[in-house]
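J.: The two chains are supplied separately, each in an independent frame; assemble them into the complex guided by the hints.
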Amino acid sequence: MALIRVEHVDKSFASRHGSISIMQDISFEVKDSDFVAIVGPSGCGKSTLLRLIQGLDHPTAGSISFRDQKVDAVCPQMAMVFQSFALYPWLTVAQNVAFGLEALSWSPERIGSQVERYISVTGLDGFQEAYPRELSGGMRQRVGLARALAVEPAVLLMDEPFSALDPLTAESLREEVLQLWRDPQLPPDAVLLVSHNIEEAIQLADRVIVLSRRPGHILAQVDVDMPRPRDRKSSAFYDLTDRVYSLITEGGSAMASKTRPEGAPSAG
Amino acid sequence: MAGGARIHLTAQGDSALSLVEPASPGPSTGTLPPAAPSKIRWSRPATLLYLAIPLSIGVLAASDPGFTAAGLASYLPTATVDVSYSFLRMSAAYLLSLAFALSYGYYAAAHRTGERVMIPILDILQSVPILGFFPIVVLVLYNLQPSGFGPNLASVILIFTSMSWNMVFGVYESLKTVPSDLREAADTFGLKGWLRFRRLLFPATVNRLVYNSVLSWTGGWFFLVEAEIFTTNGAALPGIGSFLSFAASGHNTEEFLAGLIVLVIVIALLDFLLWRPLGHYAERFRFDQAPSGEGDPILVAGTSGRFRRAASYVTRGVRTGVSRLSTPLVQLAAITVRPSRHPSARRQAVIYHLSLGTILVLVWLMLIAIIVAVYTVFSGTIMPSVRAQMLMLPLAVGFSMGRLVIAYAICLAIALPLAILMARGPRARRLGLPIVEVVASFPATALFPVIIFELVPYISPEGAAILMLMTGMIWYLFFNLLSGIRSIPPDLEEAARSFGLKGRKLLRRVLVPGVFTALITGSITAFGGGWNTLIVAEYLNVGSGQSLSVLGVGQLIDIGYAEHADGGYPLMVAALFALIATVIIVNELIWKPLYRRAVERYRYD
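Residue numbers (our numbering), protein chains in the order written: chain A, 1 to 268; chain B, 269 to 873.
For reference, chain B alone in the conformation it holds in the complex (with noise of 0.2 Å):
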């Protein structure tokens, strides 16, 4: 939240648009040194609605008519000590990451033959699901080790799989994308070495890497609840994650809501202390002074994978085959379809269609071979309950993506007009976006057991299992819009002020377009984050008797999981990789050109 706000456009109370507030203080006329001000002001509010939030949960604690506070303040010391455990696995793990992430994306970045096998690499496990890798990293360390070092590594490693990946894309790309004139001259004054690192190479990568550690520490907590069950069989790690998923299955509302505090208060705290003033430290780094048409750098680490290599190959033979096939249905289809005043665009958009419709296909396609593999390979142990279970498998995918689908779309619907609110109005913005950064960074795993005991009567399993898919979509969406709407560049919004565009045709012509490119990446990340998600919230196990349990291609994984002692294992495997297939289609050939055509028409320059 850098100030630099542009003055003629705060100055004026009543605008009707002024919708901007660059990041950055732009060069222009007419603008002043940033202006701090607004800083000071939204501070204070802020402190007070971050301890609004415990206040609210209190509220809450009040419908369980055996609380007291002296019952929950018995809890605060194991608490504390809990999430001091969790601090500390967390803590190893992003050291680990940034280790990782430095020296990975440094050598990637500085050499052109590990460039080509390491990116593609990296691009193929972000987009595998995290919780994937759940299942395999604990049965091999926990066999490796079964108590003490073994659960805790793995559950490390868990939270590295989760902080890791957009770090080193971070490192990466901010390498790749310092201004030549910058490198140039730091070759022509002959910089090398220590010097070279500390007076270029750092500063190009710090400010992408803060913002993307503060992505990684939210993604970890989201998984530290995961990590801390998942684990271990029957003795849980010593953890909040561990702490609150077992208050939450002894129905104990005391010990649920003392985890809950302590937790919120060391995110708030570690906002405050640490990633607050990181972030303004590291402001000063920027390169661009302008806002850049891709908005917050956010924006990019999710999205811009290379695949060059290996999946380019796969991809262009697909599409040259594809194309190859559709040309004379192309024309058969072309007759139902709407007539277009130009027929280059009708021709496209039948191809879209029909691609559409092959990418189905070809997902189809690919589960039968995974079924047919799995099968060979396990031939002789499946038994008949796990073959019935991988038969579904089909199925399974379809159903997963249906809830995807509906989940994203009541995303969108809430996180469209709440980001047009802050993104417009600088008071929405000051006393909202404090509370949603708490509630974004909030683990909504911790809540799931909540989700299943008290809502499940009235939503049907079904609904909760796409509220809990909604929890890790909608603030990849959130936030991508809010920083889209807000880099619009200052010039074209002050252009629409000037004449006079207002209402639908200001939506229509200038807001639409100039979130286009953040709504795609948002809604890469999004189901990014779903994709992740499913694994949790098709299949949940809370204790006391209670699950959660929908036909899905997660739930497949978790039971295979679950199971894996009689004979789940080739149920596992298959799963797994029906998932990273089906993801890895879908990103290849629907997001990745639909992000590149958005770059190509929506992209300011």
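So that you can see chain A by itself, here it is in the shape it has in the complex (with noise of 0.2 Å):
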């Protein structure tokens, strides 16, 4: 049974010249234990495809539904991982863990046994008291990241989460992510990850589905056969890269081989 399936969605906003079409056509499916990335280039609408899935915006047409049943207002067995971590200034760490099951309405007993458990998995212990600016940005988003595991989501939308960091912090919190992915014991059933990054994409996820320009659409959903952990060096990963490089820049004409057509289901 697919989790999330995203149906023939497009979106369009008005503007000073009329309405401008943001993506079209956009059909796919993200099943149990799926671990997805989206590419494409900036203002292919990545972002906002994340934000229609979650019930954060509307599609102009078609539908998005989560275990069957239509998203039509925020959904809450999704958390999202911010590209600016959004985090409140004036909450401590512990606190902005908090945030999400704050509104679950948990006994406050409850929630700051949870609240520990994530702060110790994402690594942020002995910072439970600090607030926001006192961190550094990897340590920002690990807080990003607790606080949307702490809900326990089935799915977890990632925005560009490493976008903001430093390469090397970076390197080292995608390992994190990858890690506790792979852990049994923790949500989420599936990942989402945005990202214009296609490395990134590639060593992190199974499926990479890759938009095109504006208006996007789907130009492949490649499967990533690797065992993981991934090899950057090794020449599978180059030749992947490079394939989704060209499907960028050549608008998907070429390389049709080894990915399969667009809108075709995803065989997981």
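Derived by calculation from the structure, the hints in this document are not laboratory data.
The beta-carbon is built from N, C-alpha and C at its ideal position, and this holds for glycine as well.
Among the hints, a few may not be true.
Beta-carbon label-pair distances, calculated as ranges [claimed, not checked]: (1) B:G458 / A:D231: 48 to 56 Å; (2) B:R380 / A:Q179: 29 to 37 Å; (3) B:K444 / A:E129: 32 to 40 Å; (4) B:H548 / A:E250: 37 to 45 Å; (5) A:A14 / B:K460: 43 to 51 Å; (6) B:S342 / A:A14: 49 to 57 Å; (7) A:S42 / B:L699: 33 to 41 Å.
T.: Laid out in structure tokens, this is it:
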């Protein structure tokens, strides 16, 4: 059964020159234990797509469903990690992590133990009472991650989560995200990552959805059949990166040999 | 009002929380270039609403049985001539302020030594209630030249004092906050002289300058009425301020409404033809792309005065003295204070409460010192009646403070819900904001005679005084809160939505902390406006044997001025110094620490 089903989604916005189409006819599925990455040039609507999926915004046409239920309000079984971290400067690390749990009206004791668990899972022990501005970028994004994981979402949505970090920090945080993902004790069931970094997508995901420039449509869905941990220097990794790169720059005309055609259902 | 709505929020009509529509188009993903439609859409109802204001004034006219439209029209020519006089006076004062702001601001920002003296001086000047200058300026200039030029010059200078300080701070602060990379880029390319001014310094200041100019004109209109009446004993200067005041004291509804209509039209025209286009033009010179934590520059204008040298010595001395004295007291008081989880927090709370008490004691000591000083200076000439009034000074300051606090509380109760409504509802904002803008820039002082004639029987002199104080306070609060709510970063708002926070939790966790800094700055500027208004709100003679007089420091200044020929001069001086000392002490020991703490804890970065 598909966890998320996106069917023929269009999105356009009104502007002074009439309506601008952001994406056209987007269809794909996310299954249980899928790690899916969405890549594409800037402005192709990747982040908008993520917001449509959680229900923060609505598609102009088409439909999105989660466990066969249409998503028409903010879906509480999904949690988002933001590019800008979106931490509240007036709340401590612990309070920020508790943020989503408070919305669920849990008892203070239950919130407390849950917060402790995810603070330690994300390596934030000892920083409970710190304020976000006292932390480095990498630590801040750990808080963002802990906040999202603490609500134990079925789907973790990550919107360019490593883009605001320096390369070394980003690399180590990517490794940790992978470790968390492979821990069967921990949520989520599926991850949807938006990135403009092709290598990052291939390093992390089981499947990479390649979007065209605006208006975004799916150029290809590329399966990544490499065992983890993946070696960025291997020729297989390099070939795949090159293929995705060509897809984006050439608009998807060539390079169809090992990729599935646009919009086809995923094999998982 | 720049467009730049974050599209995926505005596109969704039923959002639980679409409170953010940043003033600048953010570079974040998922946004499009500024959305123009919102601008086009709201201008039409706005135009209608501008027309609706004179219309509603007309409805009020119907309450006067002797009222005829022809009668009203017959006053329009005189009103138009008078408003032109006032406009000329305002323009002269504004040009003076502009020249002063540019030269003073540029010099202070460019020269370290000059800065050290100039900025503290300016900080004192801006904390002194503007109306406090009135008696001194008037007495000096009037004595120099009793007719024609003298009173006019006095009036222009008085308007100047209400316009210039915030413009100087605007220039100075925007020059000091030019991003260092832009400054360095100009250095590496060797930009100097005129080119440097045109490419770096002018763009750096123009945005703040336009914004603060609007504020200055609003302030100028507010004090215009006083500036045209105050200057002369008997024969007032021709102008819309004196026109309105005479109409009101003569109970002439037709004349009063004619003046009101002409004034509203002039203010609205200025807004449409000058400030809006200028604001649009200046918008392109913004350095920051993302909404800053302090919201609009307006917030900083009134508050970030630097009192570096002169006053910080005094306050530091006082503070160390206070803390040394209070340590044993703190331990004593700690027992009575509600236990808190963190001992350090409890200690802080205790110190804070104790120092509030200390501040009051300090104000009182200062007052006594002033009274004693004035006594010695004027020892020979003080009359018994004046002496009695002078001894009332400490009580008067207390009454004035109480009145301000009550007016502030009512203002907050009105402004906060209004600001939330307008920040969160695009429709409410589109329809309501133009009205609020015109009403806010309309000089409430012109209506003070009406308040006294019509409302005193219902709400007592005390109520009328508080109502008048509110007109001088509420807009600072409202506009600060509005921009504060709107400058909560969009990603924080979106995260709240993403995690499903609603209702009271949303209020407690996001909205209230998000506007806290704006609330503090709004409160500081509102109290600044309130101290100013005290001088007209506590004592006002509106002719026809009617006047309002309630015990307060503003009243004592006015009485001293009115009787300056009969020995009231010492009273005026003492009351003026008492007012200035109180304002400075309260600013330094309450507002500035509070502001610093708010910025530290609640800024976004």
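J.: For every hint, state whether the structure bears it out.
T.: Hint-by-hint comparison with the structure:
no. : hint                        : result
1   : B:G458 / A:D231: 48 to 56 Å : 50 Å, holds
2   : B:R380 / A:Q179: 29 to 37 Å : 54 Å, violated
3   : B:K444 / A:E129: 32 to 40 Å : 34 Å, holds
4   : B:H548 / A:E250: 37 to 45 Å : 42 Å, holds
5   : A:A14 / B:K460: 43 to 51 Å  : 47 Å, holds
6   : B:S342 / A:A14: 49 to 57 Å  : 51 Å, holds
7   : A:S42 / B:L699: 33 to 41 Å  : 37 Å, holds
When held up to the earlier numbered hints, the structure conflicts with hint 2 and nothing else.
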